[in-house]
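Note that the protein sequences, when read in sequence, are chains A and B. Just so you know, we're using this note's numbering here: the first sequence kicks off at 1 and counts up by one. Just so you know, we're using this note's numbering here: the second sequence kicks off at 327 and counts up by one.
It is worth saying that the hints were derived from the structure and are not from the lab. Where hints are given, some of them may not hold.
So the derived label-pair ranges between C-beta atoms look like this [what the hints assert, rightly or not]:
1) B:PRO383 <-> A:ARG294: 47 to 57 angstroms
2) A:GLU107 <-> B:LEU567: 27 to 37 angstroms
3) A:PRO90 <-> B:ARG505: 36 to 46 angstroms
4) A:GLY304 <-> B:ALA616: 54 to 64 angstroms
For clarity, every value in this text was computed on a predicted model and none was experimentally measured. All C-beta atoms, glycine included, are put in the ideal place defined by N, C-alpha and C.
There are 2 protein chains.
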Amino acid sequence: MGEFELLARLRERLAQPSPRVMVGLGDDAAVTVPGGATATSVDAIIDGVHFRRETAPLASIGRKALAAGLSDLAAMGAEPGEAYVILGVPPDLDEEGCLEVFAGIEELADRTGTSLAGGDVTRAPVLTIAITAVGHAADPESFITRAGAGPDHTVVVTGELGGAAAGLRLLSEPALADRLDAATAADLRARQLEPRPRLAEGRELGLAGARAMIDISDGLGADAGHLGDESGVRVEIDLELAPLQAGVAEVAAAAGEDRLEFAAGEGEDYELLACLPADGVEAARESLAALGCRLTVIGRCAAGEGVLLSGPGNREIQARGFDQLS
Amino acid sequence: MGEFELLARLRERLAQPSPRVMVGLGDDAAVTVPGGATATSVDAIIDGVHFRRETAPLASIGRKALAAGLSDLAAMGAEPGEAYVILGVPPDLDEEGCLEVFAGIEELADRTGTSLAGGDVTRAPVLTIAITAVGHAADPESFITRAGAGPDHTVVVTGELGGAAAGLRLLSEPALADRLDAATAADLRARQLEPRPRLAEGRELGLAGARAMIDISDGLGADAGHLGDESGVRVEIDLELAPLQAGVAEVAAAAGEDRLEFAAGEGEDYELLACLPADGVEAARESLAALGCRLTVIGRCAAGEGVLLSGPGNREIQARGFDQLS
Chain A
1 MGEFELLARL RERLAQPSPR VMVGLGDDAA VTVPGGATAT SVDAIIDGVH
51 FRRETAPLAS IGRKALAAGL SDLAAMGAEP GEAYVILGVP PDLDEEGCLE
101 VFAGIEELAD RTGTSLAGGD VTRAPVLTIA ITAVGHAADP ESFITRAGAG
151 PDHTVVVTGE LGGAAAGLRL LSEPALADRL DAATAADLRA RQLEPRPRLA
201 EGRELGLAGA RAMIDISDGL GADAGHLGDE SGVRVEIDLE LAPLQAGVAE
251 VAAAAGEDRL EFAAGEGEDY ELLACLPADG VEAARESLAA LGCRLTVIGR
301 CAAGEGVLLS GPGNREIQAR GFDQLS
Chain B
327 MGEFELLARL RERLAQPSPR VMVGLGDDAA VTVPGGATAT SVDAIIDGVH
377 FRRETAPLAS IGRKALAAGL SDLAAMGAEP GEAYVILGVP PDLDEEGCLE
427 VFAGIEELAD RTGTSLAGGD VTRAPVLTIA ITAVGHAADP ESFITRAGAG
477 PDHTVVVTGE LGGAAAGLRL LSEPALADRL DAATAADLRA RQLEPRPRLA
527 EGRELGLAGA RAMIDISDGL GADAGHLGDE SGVRVEIDLE LAPLQAGVAE
577 VAAAAGEDRL EFAAGEGEDY ELLACLPADG VEAARESLAA LGCRLTVIGR
627 CAAGEGVLLS GPGNREIQAR GFDQLS
């Protein structure tokens, strides 16, 4: 298999569904007419760092790579637009395998209305996927950054937490699922393997008045810290309020770990953490309910800096460094 | 060293020099207001595939990564705008090393008026740099794609060829430089380590009437083939006309290889190959001369398909497959 042949095959398969993309795959660069403002995010996932080929189907690795990029757009309240893919192909991945990875990317792109506008294929020591995701809005002020939280804002989170961490444990130690029913265990594994970018939820939160937003990729504690740093506020979170995915407590117990650590200390849940004035919470909750997504108040912003994670019995939980290259 | 600390340091160092970039490093995504049309290219360079850390200073690896991305923009005739960087950090590269890589990227970004608008840092098995380069034009028709060549066009190339291939040989076998003067050998090594994107030249070629353009990253033969395929023409190149960089013939002879193969069969010279009507060549040549860049007629387009590379004595040189993942 050669790079050009693979690119030619991909090109055949990739439609050019967007009126915004004038020139797609097959030239030196893709040509688009963005209009308005764009939000651009770059992300890479690498075998052995962000996933393991032994435990993840190739299509789901592709989906996860794109999902992580789209999740950044969700956290901006952006409309997804184009994605660009760099595929690093290890010696033991054949053409069929490359196409499986792309099929996963393509499937999520189709589902989210994202145009695959360009890409590159190269040799690499291990499977590597780098995604550039470009989202759109009418003007730059429509995007929700990390910087707009005020000291009186309410802190909310979409969906449920801890599932990605629990799913990761189940993938490496299947016996931890012994006390779970099959569907719950499958949902946890899927949470790790198949994250869903909260695109519609991000836009609704923006419309409902969210002033600052971030996606939870590094972990609730770390990401709350990023948001607080950018906004110049202290983020106080009561972990007893954090909505845990079904089965997280059981897996944590079976693994001898802290369920709150699963929810707050590990990343990849790809939920959205948002700050908004208290009087906007109810409307936001209703908007998200219409999308089938719960929204939970988990804390508030205060004057100051840093993150306070409080747990059961009001003990303070030290937000760990989380500062590992990942 | 952690990801966040490194990102924070980078952020301190990276100015936000463009009025187009509203939100740069430090949020989920960068926010820009592009206006007009954009050209977007993604590229990765990986240790052991595109460079070797043993033979390349870290700053030059950074510059080369960005240069490859900017060269794609040059081939579109685009104005460089923003670049986004993913740095994959191997276990044996410390923070100082990461900053050296970024210093190289930053240096070339400054020199070319490119804003570093976003990035990501992750662990990786070997040093990996993925670049997303975004260029601009007033409208999509102002970009020069690979698809506009006609069967009566003249084929021109900027600068000189073969230097990157010769430089690569000198880096791995220093003794091959024995018959060269030091400056010539240094120029050849620099050609491999420090490619220059032909940004101003690409814009001038567009203004002078180039109808199709590509940068020579895969090799003259392969890239002429890409251009011919997209334009639906046959590209006929007389390799005796190809401008060789000083010292290329000597290194090829010392290595027992074909100097024309250096010029036509290997990539990374990052010159521009363009097609234009014959009556525009002289004006294009003058425009490029004003930039200090030579422009050489090396062939013509004809009806048909494929690439014909003819060499000394009119023997036909089979365009090699060139179809290796690289």
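Going through the hints against the structure:
no.	hint	in the structure
1	B:PRO383 <-> A:ARG294: 47 to 57 angstroms	holds, 53 angstroms
2	A:GLU107 <-> B:LEU567: 27 to 37 angstroms	violated, 48 angstroms
3	A:PRO90 <-> B:ARG505: 36 to 46 angstroms	holds, 40 angstroms
4	A:GLY304 <-> B:ALA616: 54 to 64 angstroms	holds, 59 angstroms
Of the hints listed earlier, the one the structure fails to meet is number 2.
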